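Undergrad: Here the protein sequences line up with chains A and B, keeping their order.
Under my numbering, think of the first position of the first sequence as 55, with each following residue one higher.
Under my numbering, think of the first position of the second sequence as 9, with each following residue one higher.
Keep in mind that the hints are not guaranteed to be accurate.
[Stated by the list, open to error] Straight line, CA to CA, 30 Å or less: simulated DSS-like cross-link-like pairs of lysine-lysine:
1. A:227 x A:243
2. B:290 x B:264
3. B:205 x A:303
4. A:228 x B:649
5. A:89 x A:345
6. B:475 x A:160
7. B:682 x A:228
8. B:630 x A:160
9. A:140 x A:121
10. B:563 x B:682
11. B:389 x A:241
12. B:398 x A:227
13. B:398 x B:487
14. B:205 x B:475
15. B:712 x A:243
[Stated by the list, open to error] Some but not every residue of chain A turned toward chain B, in silico, with C-beta under 7 Å:
16. 77
17. 119
18. 121
19. 125
20. 133
21. 143
22. 144
23. 162
24. 168
25. 255
26. 285
27. 298
28. 302
[Said to hold, decoys possible] Have a look at the derived ranges for each label pair, beta carbon to beta carbon:
29. A:323 x B:429: 18 to 26 Å
30. A:166 x B:432: 30 to 38 Å
31. B:231 x A:248: 37 to 45 Å
Calculated directly from the structure, the hints in this document are not laboratory data.
A quick note: this is a predicted structure, and the numbers were derived from the prediction, not measured.
Think of the CB as a built atom: it goes at the ideal place given N, C-alpha and C, for glycine as much as any other residue.
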Amino acid sequence: MGLAQSKIEVIRPFKSIATALAFSPTAEALLFEAKRISERLNASLTLIHAGVKNSANESRVHELLEKVGLQKKSIKLIWKEGKPEKVLLEVCLLEKVDLLILGAIKHETLVKHYTGSVARKISRNPPCSLLLITNPQKSTQGLRKVVINGLNHLKTKNTIEKACYFALSFDVKKITVVEEIRPTEVKTKIDDNLTLEQAYHEKQELRRREDKRIFEILKPIPIPSQTEISVRAVFGKEGYSISHYAEVKKANLLVMNSPDNKLGFLDRLLPHDLEYVLSDMPCDLLIVHQK
Amino acid sequence: MELLKGIKGFKQSGFRNLLSGFVVSLIALPLALGLAIASGVPPMAGIISVVIGGIIAALLGGSHVTIAGPGNGLVVVVLTSVVALGDGNLLVGYTYTLAAIVVSGALITILGILRLGNLSNFFPSATIQGMLSAIGLIIIAKQIHVMLGESGVEAANNLMLLAEAPSSIWAVFHSAEVPWVAIIGIMSLGIMAFYSKINNSTFQAIPAPMWIILITVGFYYYFQFFSITSFPISTSFLIQIPENIKESIVFADFSKWNNYNFIIAVMSITLIATIESLLSIKAVDKLDVYRRRSNTNKDLKALGLATILSGLVGGLPVVAVIARSSVNVNQGATSRLSNFFHAFFVLLFVLLFGDMLNKIPLSALAGILVFTGYKLASPAKFKLMYRFGKDQFAIFFVTLLATLLLGLINGILIGIVTTFLIQFYLMEDRVEFLRTLTRPNTLLYEEEDGSLHLSVKGHSSFINYLKLKESLDSIPANKSLILDFSLTTFVDNSVMEHIHHYKDDFKKKNSTLEVIGLDIHDSTSAHPFAARRMMRLTSFMKKGGFLTARQYRLKDFANEIDWKFRSKSIQELPLLEAFPFFRRKTIDHAYNVFRGEHMGVQMKLMDVEFFEGEFIAKEVYKHSVLIISPTIEIPRFRLDKERIFDRIAGMAGFEDIEIEGHVDFSRRFKLKGKNVNKIKSFFSNELVLFFESHPYYHLESDGKNILILKGNRISSISEVKALAMYGKELVERLV
Chain A
55 MGLAQSKIEV
65 IRPFKSIATA
75 LAFSPTAEAL
85 LFEAKRISER
95 LNASLTLIHA
105 GVKNSANESR
115 VHELLEKVGL
125 QKKSIKLIWK
135 EGKPEKVLLE
145 VCLLEKVDLL
155 ILGAIKHETL
165 VKHYTGSVAR
175 KISRNPPCSL
185 LLITNPQKST
195 QGLRKVVING
205 LNHLKTKNTI
215 EKACYFALSF
225 DVKKITVVEE
235 IRPTEVKTKI
245 DDNLTLEQAY
255 HEKQELRRRE
265 DKRIFEILKP
275 IPIPSQTEIS
285 VRAVFGKEGY
295 SISHYAEVKK
305 ANLLVMNSPD
315 NKLGFLDRLL
325 PHDLEYVLSD
335 MPCDLLIVHQ
345 K
Chain B
9 MELLKGIKGF
19 KQSGFRNLLS
29 GFVVSLIALP
39 LALGLAIASG
49 VPPMAGIISV
59 VIGGIIAALL
69 GGSHVTIAGP
79 GNGLVVVVLT
89 SVVALGDGNL
99 LVGYTYTLAA
109 IVVSGALITI
119 LGILRLGNLS
129 NFFPSATIQG
139 MLSAIGLIII
149 AKQIHVMLGE
159 SGVEAANNLM
169 LLAEAPSSIW
179 AVFHSAEVPW
189 VAIIGIMSLG
199 IMAFYSKINN
209 STFQAIPAPM
219 WIILITVGFY
229 YYFQFFSITS
239 FPISTSFLIQ
249 IPENIKESIV
259 FADFSKWNNY
269 NFIIAVMSIT
279 LIATIESLLS
289 IKAVDKLDVY
299 RRRSNTNKDL
309 KALGLATILS
319 GLVGGLPVVA
329 VIARSSVNVN
339 QGATSRLSNF
349 FHAFFVLLFV
359 LLFGDMLNKI
369 PLSALAGILV
379 FTGYKLASPA
389 KFKLMYRFGK
399 DQFAIFFVTL
409 LATLLLGLIN
419 GILIGIVTTF
429 LIQFYLMEDR
439 VEFLRTLTRP
449 NTLLYEEEDG
459 SLHLSVKGHS
469 SFINYLKLKE
479 SLDSIPANKS
489 LILDFSLTTF
499 VDNSVMEHIH
509 HYKDDFKKKN
519 STLEVIGLDI
529 HDSTSAHPFA
539 ARRMMRLTSF
549 MKKGGFLTAR
559 QYRLKDFANE
569 IDWKFRSKSI
579 QELPLLEAFP
589 FFRRKTIDHA
599 YNVFRGEHMG
609 VQMKLMDVEF
619 FEGEFIAKEV
629 YKHSVLIISP
639 TIEIPRFRLD
649 KERIFDRIAG
659 MAGFEDIEIE
669 GHVDFSRRFK
679 LKGKNVNKIK
689 SFFSNELVLF
699 FESHPYYHLE
709 SDGKNILILK
719 GNRISSISEV
729 KALAMYGKEL
739 VERLV
């Protein structure tokens, strides 16, 4: 950790972390996760509770903080009434939060999927970087495999840098950058053995091109020798393919660019890009915001 | 280009193709006449289709050894259209139908240009089979009466017409005169049926349909020259070919273009012609000795153009046909030249022997057609469909009945809807199925070792098969593929069948397609093509399920190396639980267990399913592992490829142990354990050299046994074999 942090200390993209404080069964575990992450990233921690501030609630919050071992002085506790997603959005902007941590269910029910849960609603229009934890744990599980999107997009460079910073802070074992290439980029249409061969070579050429682009981004990032890094190109729909890849490879964390514009109901009906990941999350998800 | 090359290299391949073209023409001639008559059009319509089809497909086609001409499947469509458009007047209906043929030819060409030939793969295989069997039954229903010489038998629908067959047979036995027409018809059917059974090379030199023509024409000349009585069959029961070939050219009449029946005819012809052609091309590609892959879209364009031209001058639609193509391949055809020659010889026969052809009784041709109908709807086919599973049989039967009663288009639509409903019923996660219906579900990627891996997720059925096919078709010829269904919950019969054919294709290209991840799926029948759905563990334990192809091959392998194999799942696994690897994991069950012995050391190989985390966080893993239990004392250790294997948390904190004098080993492997001295003495020179010279595996010992595994998925057969052999060699070093 020390090595990774000292070298890219200058960037330090996540200075201020926030999480939602709710009285759900996973709240305690989520707090543990948030605490751990803030410690690792050496960042301040803000807890946001969307609800009434009364003595009953306050004592519950205290109880929770105690269980997790959080000092009241070391954190910032914000009470605000209103719709949870709205409160979270406002506070994140107000407090200049860099990373918001929320609990999320991997696979939501049909009705929930289309109406949208708090976590999903925020991820469709995130105010800052967002970490969705599907399975918060009290004790650390460590971060083993991280899959990062390597889409040919302006945001990607920033995403990879921040994702590497995040992953290396947790002594990740393996980072895979996955470039999704649209099948339509392959111009040769496969008709017979000859065109099949041509299409394959064209694909290899595209692969090399994409790999080169990613290596350019990775070059300045100091990656310690105990971390394995690889670059993989897959042909398929953006968002879907990387999600499937993360699932097959049993990744622990998937890192995606934030959506280009606010995703609405229509995007859920006809999913694309991030919406594929959200409808069926393969693992924890980090959506990197550009700011 | 191929054709030109053929002419240049005529000495090499030209003669062979000429010969095979000649043999094919012997079949094509009687079939063309018969198919045309059965379609309710003049016999020359079939000949026109052969001649134009053969020439155009040879010049412009994208396949190599397929034969083009009039097809069996289209008989029913064309006949229906002729009757419907002509309001009972066959000759008028014929000219209107020609227009429908021209339009559908144009549609087929467009399908080819748009590269939509693959669309025909969408149809679930049971519906295609149901439709083909229905066509077979309709051909029998119509032709059996002609074969028996009972003209003019009519009924409300095809089923009733078929039910009339006994009365026609009855009439034959009770006719006052000698029923020559029926005798010739039955003889013709007999020759077709028993031809393959007769093992005489002289007899086999001439194809069965040509024998029928030779015998019946000979029969005519016998009466003409040797018998005192005159020929006993009246001309109304004989083929009528106009003396002047020009007279057989009829032009299409487009005036009914906006008629409902016309549109139905166009759709039916397009659908059936495309399906029949593509099924044939696919089947013939399997026969091609040069393992060439046909350019199906190019072929469709050629067949479409040929159909347009054929329809314009009075011919039947042109399709690629399987039976004639198989003969073509068997006769040693190597290029499209043989297709050209077959057309050429058919034309030559008609020009030279047109008069003799007029002596062929219709019942003889009907006999040939009844046999083709039987081939399409034989009891063996019904049996096979039943073996596929009750679900498949239900789809097959519904499609068959619907086609018989409501026509082809309705039949196949009803078949598709039935398939969908039955699959929906069989599924367990219906909501999820509907939600992901139109989404992608495949991922093709290259593993770090360069092998290709295609993972399929969710449900895999005829609905999203075309996407899967696209991935399968993009695999270069020399590459092997591992097809992983472990993330699927449902795989239907059509997909299983297609995959089976792909396995053959891969084998032909000297590579392999291996299917993994289906062992814990339940199947609807014991047949390898049966649909599969993810089993709940309880039912898996109870029934054990039917073995998958992978399990059969595992079993074979177990026999080969003289190990015992059991596919049944085991839940009590104290042996596994002792290893640090499984310390933080919960073992669900193990299955496909091999047990064996090598040099007195017990060895076990199995697929293990285990998970980490609980409830919603549960991550399920499936690995293939090998455990060897040498009787000697082994220190506790863990051996990994440097940096790669990161799933073990149990023994963290120990430093990498260096083995003196083996820099390479220390650099490439991470060796950990508590008792450094014991480990150092355990890793003898021989053992270190063994590890250095073999592929990486993860090894660990619990003090008594050694666990060996690799990767994080179920191993393919070759990987299982490699694992077992690795274990055996390791045992040899240890003992």
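Undergrad: If a hint holds in the structure, say so; if it does not, say that too.
TA: Hint-by-hint comparison with the structure:
no. : hint                      : result
1   : A:227 x A:243             : violated, 39 Å
2   : B:290 x B:264             : violated, 35 Å
3   : B:205 x A:303             : violated, 56 Å
4   : A:228 x B:649             : holds, 14 Å
5   : A:89 x A:345              : holds, 23 Å
6   : B:475 x A:160             : holds, 25 Å
7   : B:682 x A:228             : holds, 26 Å
8   : B:630 x A:160             : holds, 20 Å
9   : A:140 x A:121             : holds, 28 Å
10  : B:563 x B:682             : violated, 39 Å
11  : B:389 x A:241             : violated, 43 Å
12  : B:398 x A:227             : violated, 50 Å
13  : B:398 x B:487             : violated, 37 Å
14  : B:205 x B:475             : violated, 43 Å
15  : B:712 x A:243             : violated, 57 Å
16  : 77                        : violated, 19 Å
17  : 119                       : violated, 24 Å
18  : 121                       : violated, 20 Å
19  : 125                       : violated, 28 Å
20  : 133                       : violated, 29 Å
21  : 143                       : violated, 26 Å
22  : 144                       : violated, 29 Å
23  : 162                       : violated, 11 Å
24  : 168                       : violated, 9 Å
25  : 255                       : violated, 9 Å
26  : 285                       : violated, 11 Å
27  : 298                       : holds, 4 Å
28  : 302                       : holds, 5 Å
29  : A:323 x B:429: 18 to 26 Å : holds, 24 Å
30  : A:166 x B:432: 30 to 38 Å : violated, 23 Å
31  : B:231 x A:248: 37 to 45 Å : violated, 58 Å
Taken one by one, the earlier hints fail for this structure at numbers 1, 2, 3, 10, 11, 12, 13, 14, 15, 16, 17, 18, 19, 20, 21, 22, 23, 24, 25, 26, 30, 31, listed in ascending order.
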